[in-house]
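Visitor: Start counting the sequence shown at 1; every next residue gets the next number (this note's numbering).
Quick caveat, the hints were computed from the structure, so don't treat them as lab data.
Computed from a prediction, not measured in an experiment: that's the story for all the values here.
You may find that some hints are simply not true.
Keeping only pairs whose Cα atoms sit at most 30 Å apart, straight-line, the calculated DSSO-like set for lysine-lysine is [claimed, not checked]:
| hint | residue 1 | residue 2 |
| --- | --- | --- |
| 1 | Lys79 | Lys36 |
| 2 | Lys36 | Lys48 |
| 3 | Lys79 | Lys48 |
Derived DEER-like restraints, expressed as beta-carbon distance ranges [as the list claims (entries may be wrong)]:
| hint | residue 1 | residue 2 | range |
| --- | --- | --- | --- |
| 4 | Lys36 | Asp135 | 35 to 41 Å |
| 5 | Asp49 | Gly138 | 18 to 24 Å |
| 6 | Phe16 | Pro87 | 32 to 38 Å |
| 7 | Phe107 | Val6 | 31 to 37 Å |
| 8 | Arg57 | Ile110 | 36 to 42 Å |
| 9 | Lys17 | Gly47 | 15 to 21 Å |
| 10 | His43 | Gln73 | 26 to 32 Å |
| 11 | Gly78 | Ser18 | 14 to 20 Å |
Virtual Cβ for every residue (Gly too), placed ideally from N, Cα, C.
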Amino acid sequence: MSTDHVDPSREAFDLFKSLPRDEPIQMLNLIRYREKASYPVDHDNAGKDWSGADAYREYGRTSGPVLQRVGGQIIWRGKPQVTLTGPAEERWDAGFIAEYPSAAAFFAMITDEEYQRAVINRTAAVADSRLIRFDPRGGGAGFA
């Protein structure tokens, strides 16, 4: 059984949909790229011999306008260096936090036709990922 996660499970997505849609959200993204992008054979990018990183850059280029249109933005981006706590074999090539004015804006993005065309690049690029929804209003300055 594969432990790689590229798309949400039905159970996880149903839980996501059951949460409030009228509140702001932040989405933590951890990404591990494929060595070589894996496009459907009939896709325009299939013969370009792109790396997973190349395909993910194309995903960012093509999905970015939709993210902005729904009011979302990337508020933090970093390059992971070492996992201090967690499985040593679980390595990441990129990490970022996307912020949306509401979960409804996130749903508007993922159902947008332009985004649907762009997400093919993400699927081609990603070997493993984590996508975790956070409520940005519940934190405060301390640890608890």
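Visitor: Of the numbered hints stated earlier in the document, which are not met by this structure?
Guide: 5, 6, 7, 8, 9 and 11
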